[in-house]
Amino acid sequence: MKPDDKQIKWVKEPKLGLSGRMYLGPLLDGLATTARHMLSTARGDGMTCQFPEERPKFGNPLIYRGVHRLNKDEQGRVKCVACFLCATACPAHCIDIIGTQSPWEDREKYPQSFVIDELRCIYCGMCEEACPVDAIELTALFDLTGASREEMIFDKEKLLSVYDATIEQEPMRSRQGAGGQGHSAS
Amino acid sequence: MATITVDGQDIQIGDAERLNVIQAADRAGVAIPFYCWHPGLSVVASCRMCLVETGTKNKDTGEITMMPKLVPACQTPAKDGTVVVTNSEKVRANQNFVQEGILLDHPVDCPICDQAGECWLQDYYFNHGHQERRADVRPFTSKRREMGPHVTLFADRCVMCSRCVRFTREVSGGGELQIIDRGSHAEIDIFPGYPLDDKMSGNTNDICPVGALCSTDFLYEQRVWFMEPHDSVCTRCSTGCSVQFHVNNDQLYRIQPRYNPNVNDWWMCDLGRYENGHVRAPERIGSIKQRAADKFTDHLWPEGLKAIHEALAGVAAKSGGAKLAFVLSPYLTCEEAYLLASYARKTAPDTLLVLGKVPVVGQDEKFKSGFTVRAERCPNRRGVEEVIRHFQATIVDWAGLLTKLDAGELAGVYLTANYPDQWTDDAEAAKFERLSLLVVHDILPSALARKAHFIVPGAASVEKDGSYVNHAGLIQTGEWGIRPAEGGHVDGQSFSDLLGRKGLYQASGVLAELAGAVPFFARAADGVPEAGLNLVTGEEKRPRTTALGTVTHPLPTFRSIASEMLEVE
Ligand code: SF4
Ligand code: SF4
Ligand code: SF4
Ligand code: FES
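Protein chains in written order, with my numbering: chain B, 387 to 572; chain Y, 454 to 1022.
So that you can see chain Y by itself, here it is in the shape it has in the complex:
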């Protein structure tokens, strides 16, 4: 155990922990302001915002020797006997000077800056700023420029923390960004002809502490204080990054990564971040439809499900359960897969359970930090497999299903899809033509849906609660942020209604049920913590929430500063 003294308060940190003074002070509930340091990047100690007074305490005599000069807290390791003073006149004066220095040639265009509301400059101005601006210098830099397809640079707002540059060199590895020119003319730029266009470029927008790097897709879409965050899981590949959906008025505006040391650290890829056009696509399927010849007619909700239930039971009665297949898409949550499989087995004990198509695109793409975008483009193949394995000895995959269709071994299929992209074609759809009953449960129209006898609307991941098991066996739970497309229901509700259960679908209740029934999920019986549970190894890291919040942004946000002000009498 090492003892560190922060502003007169002794705190203990473990011997194996390698913390810097910012992190140690955070444990003591003391916020040291910083710009250039980021826990996921190397230390450059260039912004000088974090300067504090340090010293050492002699173990035997208790005598404290202070260093004559201020040192950067981000670069100073917290060792046994380290004494830190963060609230002296000298420290405060430095913070004020740094803040004033940055603001001298800052455009202060907060009203039109997308970062306003979550900007570190704004936040720190509350704590360390001068009230008056003693000089007003026009920035020497250029203004706005595209860095790549997703990143826009507003050079005049940059505070030269070099986080973005270090990110491209150390995490994504592309090294696209650099600092050109010197002194007050310095600005961030790309090398001519080499835009920042790899799959991790969007992260630079997140780590930029100010509004210098802005997400082009989100630019001017919404002010941040209107949006509500909802913790969830990215469903674009089997890595399953922890994310936050930022929503307002039933619209998904932005997706940002959420710190999770078991999966994605602070990052996520652009695929998961930006490819969400399917959520509010105009062609989204919104109601239960039944086809007669070439015409689809809409059904009201309870009658539609009842008609489907009767049709499925009819096939099972006429041709036997073995000729009825239920296809469980890897885009379903574990809870939904469990409910649908239970329903399949309730319809007839020998129905066939099939693992839906697992989309694979190219090769796994591994970045310098180890962050990987997987070729397997679905969130829950493992979870669905484990659910199927519980009900059925072997796993029949998509190819197996097509073989059975070709051989004419099936009479009816209930097929769930919910893929965000087009996932099938006419050739594949033709194989389903001979079925006497085809129910397609999907979010977007497809070649297959046109052949279906019934269409059931599905829900996108941002619209539903539920858990996913990623490639490594880590189960994570997400919460819904917006309601399903007009007329639609969440998948869990449809399956629970089909099962004949009364009332609203509660994912947490079903997960507890699943954990009780299927040993693979046993660890999730009491719910899943924020950073997930590894169902295979039984071990995972639990990030600690420090006194000041998360390690990425240890400051009260705009919202909490406001509520702090409201609470005071």
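Extracted from the complex, chain B is given alone in its bound form:
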């Protein structure tokens, strides 16, 4: 895609007016938000909750960016095709993949090893964006803890187990097969 491509829409920042430059408008906006939240807390439907006894509710867990999972295809095999696009997109360089020829007739390449350093990850979701087969997804699991650094380095088996643990609550975002949209990318 070139910079003069018709599909690119270039957006300019709007110029600030006088009140904007004096921070007056935004300041009042902020105070209004605080006041609104005060009122709603007083009414009993608060913004905060008693974590961990009480679990927070998500508006839409499907767009929450928590722990990763590796999705499985219809036959229960890892959906990832080891294209390294997530590792390429990842700004934190925390995805480490070793690709190899797959043992299956209908698929060409698969990850022999797939490791994410969950401590290094910044939960930006770029990997999810980059994946051509929707194999990697960020789940709504947010309270990730571990007793050591090693424990927080998730390998393929662990990432697949996150899939098993979350697939009930969070269905896969797309039904794209490991072949992607093409017919024989496998």
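Please note that the accuracy of each hint is not assured.
Stated by the list, open to error - List of simulated lysine to any residue pairs, SDA-like, C-alpha gap at most 20 Å:
(1) Lys388/B <-> Val483/Y
(2) Lys542/B <-> Glu674/Y
(3) Lys542/B <-> Tyr673/Y
(4) Lys994/Y <-> Asp468/Y
(5) Lys388/B <-> Gly570/Y
(6) Lys652/Y <-> Ala639/Y
Said to hold, decoys possible - Heads up, incomplete: computed chain Y residues facing chain B, CB under 10 Å, no partners named:
(7) Ile565
(8) Ala569
(9) Cys572
(10) Trp573
(11) Lys596
(12) Arg598
(13) Glu599
(14) Pro602
(15) Asp670
(16) Tyr673
(17) Phe749
(18) His752
(19) Leu753
(20) Trp754
Source of the hints: derived by calculation from the structure; they are not laboratory data.
Where is the CB? At the ideal position from N, CA and C, for every residue including glycine.
Following the hints, complete the assembly by docking chain Y with the ligands onto the known chain B.
Chain Y with the ligands only, in chain B's frame:
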């Protein structure tokens, strides 16, 4: 001088130059897309990607007559008065149609294709592609098949440019590849029972513009955009092909040829390309070791070298310099050989300098295009010889050394090796048994190293800077791509430390010094250009870098397209 007009821009080309329109346009900074043409192969004009409008300009009247139809630029010679139009509607429409036609039954499996990132289809799609795919046809061909030990064919990705077929017929000469079936069922294949297994087979992977032919050894090892190229020289035989080491995270992943008309043109052999297991072999020697009885103990770096220096000086003092020999391996660079020889002569003025073992395997193997894999399997015999000749009137070779050992004429030997394969045996090693000091400087353990009093770790060619002189006297310089095996240092650093020089070893500085000291190397005083310098004839070709880059891939690569996008506001 011939004048050619490309998109309204006049360019001059020399009378003796025989360029086609693609090359002429390249000089003007205009990229005409192409698949089937390759500067090293015959022209078939079959892909139709390069079609342009041409015409002739009347010298006297200045009137331009255009041809009614598009013609292939690869097949049209650039003559005086040729007018080329590459940016008209008609030309663009053709490029789009060709591109769309190829993509119709292409699997578009870029995510798992090894060529992604350096694929011509991808690159051209940016420039000439449609945004939408108007049809999606399942390829009629089979999928994956081995063509030979190093080459895997993904038939569905093939664009039928026939480059690989022409390569085996015109360059390597084996003619193993052919096109079977017709139309959209056509695919590349070998004749049953005759695999593509000659020593040049790996080149087909390079010239395939798409991911149809992939290197089996490199398959799925690494995505290309993670790797960094480092220009260097192949050290597997005395031809000394110009190569590029592709490395990432201190690992050597791939070796590819680099265009050099003085040596290898666009090619290299499979030996140099694939035989590099020694680089990260688990048994690599990593530290200075000293032997007491049968046990080796590790030394820290400065103390170890100091102990070796004292031992060498001790032998020279006790038995006399003439009984101390320094063996200069033909795997050393010129700079290293010079430093080690200087050190030898500093230890005692009459030490013996010996040219290390020159491995010879079979006969020179010459291919149809003239490309030769030499029997002499080392990169720098000539360079080391010239260095020795500077210090010593005669050259003592390996056989000469063994004779001297048998006659008991030597007391101490500092032996450099760095051979990528096993190069010696117990019988040979036994001859060194009587020495009071044997220092072996090598990358892999050997029968000889087990007998050594000291072992010094060496560096593989991908780990060091330095120059090599090939069989024809052409000196070429390589740069390091990865660091030496854990604990090791580059050879030049060890020798420079032994010499008592302070600071980091800089190959370029030593080369300038060498050029000043030894007349044979005088031409290299200001460094060595990309395509090398012939120190014997004093003449060599200088490939021109055109406005669009090299002649092999005149397109911006994946990386440069990306950075181009970043630069625009
Ligand atoms: S969420 Fe962002 S930082 Fe974390 S693995 Fe994905 S791309 Fe990398
Ligand atoms: S982008 Fe998706 S398919 Fe590609 S390696 Fe990452 S998880 Fe696997
Ligand atoms: S395999 Fe590659 S080089 Fe050979 S015809 Fe097909 S696309 Fe061309
Ligand atoms: S490059 Fe000219 S027709 Fe293929």
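Q) Quick one, is the Cys572/Y hint okay against chain B at 10 Å, beta carbons? A) violated, 14 Å
Q: Closer than 10 Å between Cβ atoms is the bar; does Ala569/Y clear it against chain B? Give me holds or violated.
A: holds, 8 Å
**Q.** Residue hint Tyr673/Y, partner chain B, criterion CB-CB below 10 Å
**A.** holds, 4 Å
Q: Using Cβ atoms only, decide whether Arg598/Y comes closer than 10 Å to chain B, and label the hint accordingly.
A: It is violated, given that the least Cβ distance between Arg598/Y and chain B is near 13 Å, above 10 Å.
Q) Going straight from one Cα to the other, do Lys542/B and Glu674/Y come out at no more than 20 Å? A) holds, 18 Å
Q. Any CB of chain B closer than 10 Å to the CB of Glu599/Y?
A. violated, 12 Å
Q: Against chain B, run the beta carbon of Asp670/Y and see if the smallest gap drops under 10 Å.
A: violated, 13 Å
Q) Can the restraint linking Lys388/B and Val483/Y be considered satisfied, given a maximum Cα separation of 20 Å? A) Holds, at about 17 Å.
Q. Is it true that the CA of Lys994/Y sits at most 20 Å from the CA of Asp468/Y?
A. The given pair, whose Cα atoms are some 18 Å apart, holds under the 20 Å limit.
Q) Is the hint on Phe749/Y kept, meaning its closest Cβ partner in chain B is under 10 Å away? A) violated, 34 Å
Q. When the nearest CB of chain B is found for Trp573/Y, is that gap smaller than 10 Å?
A. violated, 18 Å
Q.
Holds or violated: the hint that Lys596/Y contacts chain B, with Cβ atoms closer than 10 Å.
A. holds, 7 Å
Hint violations for this structure: numbers 6, 9, 10, 12, 13, 14, 15, 17, 18, 19 and 20, all remaining hints satisfied.
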